[in-house]
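First residue of the sequence shown? That's 1 in my numbering, and the numbers climb one at a time after it.
Hints in this document: simulated from the structure, not taken from any laboratory. All figures in this text were calculated on a predicted structure; none of them were measured in a lab. Glycine included, each C-beta is placed from N, C-alpha and C at the ideal position. A portion of the hints provided could be inaccurate.
In the EDC-like style, the derived pairs of lysine to aspartate or glutamate whose C-alpha atoms are separated by at most 16 Å in a straight line are [what the hints assert, rightly or not]:
(1) Lys898 x Asp976
(2) Lys258 x Asp248
(3) Lys798 x Asp587
(4) Lys12 x Glu579
(5) Lys885 x Glu875
(6) Lys666 x Asp509
(7) Lys666 x Asp507
(8) Lys898 x Glu953
(9) Lys411 x Glu401
(10) Lys380 x Asp748
(11) Lys600 x Asp175
(12) Lys227 x Glu293
(13) Lys666 x Asp696
(14) Lys698 x Glu673
(15) Lys681 x Glu705
(16) Lys570 x Glu293
(17) Lys380 x Glu414
(18) Lys188 x Glu102
(19) Lys127 x Glu166
(20) Lys227 x Glu251
(21) Lys768 x Glu390
(22) Lys666 x Asp521
(23) Lys570 x Glu102
Simulated restraints on C-beta separations [to be verified]:
(24) Lys127 x Asp696: 15 to 25 Å
(25) Arg64 x Ala1005: 32 to 42 Å
(26) Leu993 x Ala73: 28 to 38 Å
(27) Ser980 x Gln347: 50 to 60 Å
(28) Asp941 x Glu884: 53 to 63 Å
(29) Lys798 x Ala1005: 39 to 49 Å
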Amino acid sequence: MLTWLARLFGSKRERDIARLRPIVEEINRIYASLASISDVDLRGRTAALREKIRGVLAPFEAQRDRLQADIEAAQLEGNLEAQAQLFQRLDALRLERNKQLEAVLWQLLPEAFAVVRETARRLAHHKQLVVPATDWDYEMARRYGHIRIENGLAIWPNVWKVRGHELEWNMVHYDVQLMGGIVLHEGKIAEMATGEGKTLVATLPAYLNGLTGLGMHIVTVNDYLAKRDTEWNGPLLAFHGLRVDCIDYYEPHSEGRKQAYQADITYGTNNEFGFDYLRDNMVTSPDQIVQREHHYAIVDEVDSVLIDEARTPLIISGPVQHSDDHLYRQFKPLIERLVNEQRRLSQEFLHRAKKLIAEGKTKPEEGGKWLLRIHRTTPKYRPFLKYLAEPGIMPILEKAEAFYLQDNARKMPEVDEDLLFVVDEKNHSVELTDKGIERIAQYGEDPALFTVPDLASVLSAIDGDPTLSPAEKAEKKEAVYRSYAEKAEKLHALQQLLRAYVLYERDVDYVVMNGQVLIVDEHTGRILPGRRYSEGLHQAIEAKEGVTVEAATQTWATITLQNYFRMYHKLAGMTGTAETEAKEFYDIYKLDVVVIPTNKPVIRKDHDTILFRTQRAKYNAIIEEIKKLHEQGRPVLVGTTSVETSELLSRMLKLAGIPHNVLNAKHHEREAEIIAQAGLKGAVTIATNMAGRGTDIKLGPGVAELGGLAVIGSEHHQARRIDNQLRGRAGRQGDPGSSQFFASLEDDLLRLFNYERMSKWMDFLKFKEDESIQGKMVTRTITNAQMQVERNHFGIRKRLLEYDEVMNHQRRAIYARRRSALFGDRLQVDLSNMLMDHLVALASQYSRPEDAEALAYDCVRTLAFMPQLSPADLEPFQPELIAEKLHSQALAFYRAKKDRINRLIYTHTSELVRQFPEAQWLQVDFTEGTLRLPVVLSIPDILRTEGRSAFIEVEKTVTLSQIDSLWVEHLRQLDDLRHSVQTAVYEQKDPLLVYKFEAFKLFQAMVERLNQQVLSLLFRIEIYEERQTTQQQRRSRDLSRLRAQQAGDYYFTQTASAPASPQYEAVSVSSGGDAASQPPLSRRERRALERQQKKRKGR
């Protein structure tokens, strides 16, 4: 049916190309007309395009400015309802602006693309562009270095430095690249074969969308590509007045990085974009924010960023008060001894298995059981893998595994009874067995460590003990909590150490360099600087490797790349391998995948995989293949999946006397040099996945005639896309080339997935170790195994997204409230809503008329004001109506207090300025009775607003501090919850549903706490006053004793409007005797009110 419809209407590929072709023809028509105009007129076309875009944006900006003026007026009047309505109109205006903007950009697209293409053609053919020098040309000449200013003319040559090497611009956009640019502008994914010039394609939508001035981001997978593309494409776009920058040149929160985000086109890595978003939501001053609105992003290698990287959330961590790093050092000898003993046991198991099988005892209860024991505890044990590769052995293991897994693995304990731990490679987990626990106890550890009591039942027993006084019960509960926490920490440390020793391999999952454990990205082969495994695993690996164990951390902010990139108004991507994941792209990101045809037919020869029994035979065959190709003079690129394999092959090539280069996480500093030489005649390059993406290996002289670049894959990756990326290094732009993958039954992919079929074939044909099999069946089997892995990984990513979606809604709500507090524009509306929610919660607790007095005292207790409330106000009982009455009184009290403090600060600031005319900053200390809160104020703002800005800064400071502390604690609770809900499966419940329900309750409780703490502080806070003696009345501090202070406070960064070392003035003034407000209650007064309230509630 689908085939018949495709014949009738054409395939999706054909329909996509048919839709794009007329637009390309229009671009070519305009492009042809540009050939005759001067360089000056060509640049003038950009100015005309900008003007058309400004014509659309200008009315929206004028309307935005009017709305903001109205908002400021409503804020001065204290009209909260008007503010809320104006903010809604402002949000709607932004959406309408984006809609109108996209419409005009679509109209301008053909001309814009033609301008970029003509500029590229002139640079390639005319060697330079010459225009009258402007201020912009002078600035660009200082920045790029290759631009010359001569006799009032700016000369833009076509040769400039890229990553330290001089390169000549020789590229002009092909029609298929125009198609790719159109797809990117539409907010879709363009799949373009490797070597089709995706870097150049990005210049087209970057130019068009950069003209808007709203900023657009081009996201790459590593900083090398980000910097390279910035330097390579920068001059082409800069000629037309577009500012191009890269965030990876600058440190986080630096002025340079902030300016990079202000550029028209900003390059950077996916992680840095995400981390900057998190950092921006942790700052304490608007001046420290670096990012603008998330308008448009193009993600290069989109499958790597949005799929491969999506399983790892971005996390900003901070130190914890109590660190358990000493536990990893303490338990290291125990786990090391346990692992070594299990290896010795595996040797014995293998010996017994061989003996039984040699005697013909191959049943599951005989030799098969001993093989299964090794498979379940040390599956990568080399002698075991070698024995499995012998004819007839693998089926014995498979039959034994099937036998013990039947009936819900009822008989599996018979296998595990002699094991110290059990490994599940597919789920990447390891678990101690009862025998393992006994063995650790024998090593000297307390056996009671592994006996964790049911906390709820123990606490219930304490509560039900009539012989204990309340104080004794509290003491016993505290001891139980302490014991439980200590045991939990120790068990966690033991478990993570076991994972470090059994599941994580050096030079595969991580490397050790300069005394540090550095994670290696499994998809790119690159080191991930600054990234650490979570939940103590990194400390466990550090203990295992004998390097310094860093202190434990806690999460301060986190987001997944999936949720970060979904914040953009328009998102697009490009890659050579997206079609296999098209469904996931649409389901999660609503991104359509459009396959772009190649400019020239691909003539690369992709050979079927060659399969061997053992890795040793495979590696020997690879070396022989390299020798043969090297003798022919063809350049060879050998792709590996790990640092360990790359170094093994390097040692074998040295023994064979073949000169070569190695590119992996340990030798990344020579990346550009190695890639530049990889296509030369006779060159041999061994590389991890670092050379698989974004690297353009150009053939040297005479290489094409020899057959081009030969790509050899030493092992199939778990994802087909990564294999295709490696293949794509050869045969670019119609060049000749070849690709050949080698595999063995000992490779992880075949060992864990789809092993059985190949093993049976090789057994049936009686293959020896050094004999191989090659054909479509092998390739098909490996492809099926990869598809199985991809489905598993998709499930993991989808599950991660579902969990993170819960946090994402909460994160957006908290970050929106935090940003309101940071800028202060919507803070009054937020505070009013917080007050209303808090009062509704209070009123809900008192349903009887006689509770009116208790409710009033509750307002005094939490908000320090006494409302006018009678029993009649509680009839009928409607909490919302009662809260509205309290709300108006509370706001009147609060506004009177604000006005009093603002007037007081304004008066004293005016006096202060007469004594210190140069002072710009003022520090005022506030207190609610127990804490001292310093608030830094701008003196010019105080004078300009006649003091009205003063208390707004207090509100900002209080709200930010409470949001940050409670949010960090909430993230910790969510982490704990996520781990604890996994046990719900034993109760036949879905852990995700339990997590959603419990996380919502935690968030509600956190918001209620936030409301109460912020309001309590703001309603109680007063200017701090120093007491001269304990008996004296509070009095004003003598302003003559004030002195200017130089301070480098964390509240400020150096900006154009504030000096690098701002001047602060410390002031403590009396609150005066204003009757409109009440002073904070003393500790004795608060306790008396609480006692009165308890008495009334008890009646």
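Does Lys666 pair with Asp696 here, judged by a C-alpha cut-off of 16 Å? 21 Å, violated
Would you say the C-beta atoms of Arg64 and Ala1005 sit inside 32 to 42 Å of each other? Once the Cβ atoms are compared, 38 Å apart, the range 32 to 42 Å for Ala1005 and Arg64 holds.
Mind checking the alpha carbons of Lys12 and Glu579 for me, to see if they're no more than 16 Å apart? Status holds; Cα separation ~12 Å.
Would the hint linking Lys380 and Glu414 be met if the CA-CA limit is 16 Å? Violated. Lys380 to Glu414 sits at ~22 Å, over the 16 Å cutoff.
With a cut-off of 16 Å on the C-alpha distance, tell me whether Lys898 and Asp976 pass. 41 Å, violated
Does Asp248 lie within 16 Å of Lys258 when you go C-alpha to C-alpha? Judged against 16 Å, a Cα distance of about 11 Å means the pair holds.
Agreement of Lys768 and Glu390 with the hint, judged by alpha carbon distance not exceeding 16 Å: 8 Å, holds
Check the hint pairing Lys681 with Glu705 against an upper bound of 16 Å on the C-alpha distance. Holds, at about 11 Å.
Within a Cα-Cα threshold of 16 Å, do Lys666 and Asp507 meet the stated pairing? 9 Å, holds
Is Lys227 within 16 Å of Glu251, Cα to Cα? Since the Cα atoms of Lys227 and Glu251 sit roughly 14 Å apart, the hinted pair holds (cutoff 16 Å).
Given the hint that Lys127 pairs with Glu166, does the C-alpha gap stay at or below 16 Å? Between Lys127 and Glu166 the Cα gap is close to 14 Å, so the pair holds against 16 Å.
Lys188 paired with Glu102 [C-alpha distance capped at 16 Å]: The given pair, whose Cα atoms are some 14 Å apart, holds under the 16 Å limit.
The structure shown violates the earlier hints numbered 1, 12, 13, 17, 26, 27, 28, 29.
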